[in-house]
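**Q** Letter by letter, the chains look like this.
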Amino acid sequence: MTAPTVTPPRPHSGRTRSNAEKWSWIFMRFSGPLLLLLIFTHLFINLLTGGGVKQIDFGFVAGKWAASPLWQVWDLIMLVLAMLHGGNGMRLLVNDYARNRRWRTFLLGALALAVGVIVTLGALVIFTFDPCPAGADPSLLPSFCPTA
Amino acid sequence: MSPARTLYRGREGMWMWVVHRATGVAIFFFLLIHVLDTSLVRVSPEAYNQVIGSYKTPLYGLVEAGLVAAIVLHAFNGIRIILVDTWSWALRHQRLLVWIVWGLFVLAMAGFLPRHLAAVFGGGA
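These protein sequences, in sequence, are chains Z and D. Here the numbering used here is used: the first residue of the first sequence is 1, the next is one more, and so on. Here the numbering used here is used: the first residue of the second sequence is 1001, the next is one more, and so on.
A few of these clues could be false.
Stretch-level coverage of chain D by chain Z, calculated; a stretch enters the list once three of its residues show a Cβ under 8 Å from a Cβ in chain Z [said to hold, decoys possible]: (1) 1014 to 1027; (2) 1092 to 1100.
Using C-beta positions, here's what the derived DEER-type ranges look like [as the list claims (entries may be wrong)]: (3) 1110/D <-> 67/Z: 29 to 35 Å; (4) 25/Z <-> 1066/D: 55 to 61 Å; (5) 21/Z <-> 1083/D: 36 to 42 Å; (6) 67/Z <-> 1089/D: 23 to 29 Å; (7) 1087/D <-> 67/Z: 26 to 32 Å; (8) 25/Z <-> 1093/D: 19 to 25 Å.
Quick caveat, the hints were computed from the structure, so don't treat them as lab data. Please read these numbers as outputs of a predicted model, since none were measured by experiment. Quick reminder that beta carbons are idealized off the backbone N, C-alpha and C, glycines included.
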């Protein structure tokens, strides 16, 4: 079997508008391994320590975020990187499969909106969260909350 | 008539491309839901506990196992993609690396599933 001959690629035409797709490629390859580390740790702590999935309740989340700002920063980085990595991946799929121009524009708009809303909502929740909300049932709160 | 097989078409590399896209889409939509459910901690402890309670049912426990499987597979194959892109040895052995990805995936799930399924089905708090 002989190898097929391939014509060498033409020199760069200089017509591409920017290096946006190169940066998309680079971002995916840097955020990927970081997300592996962040998410595997997240899954390990939440699902494999203590009582596994059944330990997760308001007190667990409140305790984690209140215990150390590390987990707030951790969850924020995870949120932003995962949404950008996932959103960019979905953008590639939309560009591949949505052939109709208006449909593609609509899908890309919806995608950008979803990423923006979810990142904003998640960041607000992480940083405005109150582990001991006033008037809440004390039995549902983490143990460090002052009893009324 | 189906297209003829080539070095790529119908082989390990192409199927991992399909797996990578499918798991990526599944993880993306779960992530949207997951941020929304976690946001309930800002509403009230009752609201969060009620919704997160559904994650502890046997049915959702299995869905979670599937999600973890998707994440592990996507993560390991992503590392393979990076290696293939940056290291000529990995490019030459990308098919072997596909089987290494599956091997590591099976090992990771063998470590995860017993503990997770015991937590989901084993009663307790």
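**Q** Checked against the structure, which of the hints given earlier come out wrong?
**A** 2, 4, 5, 6 and 7
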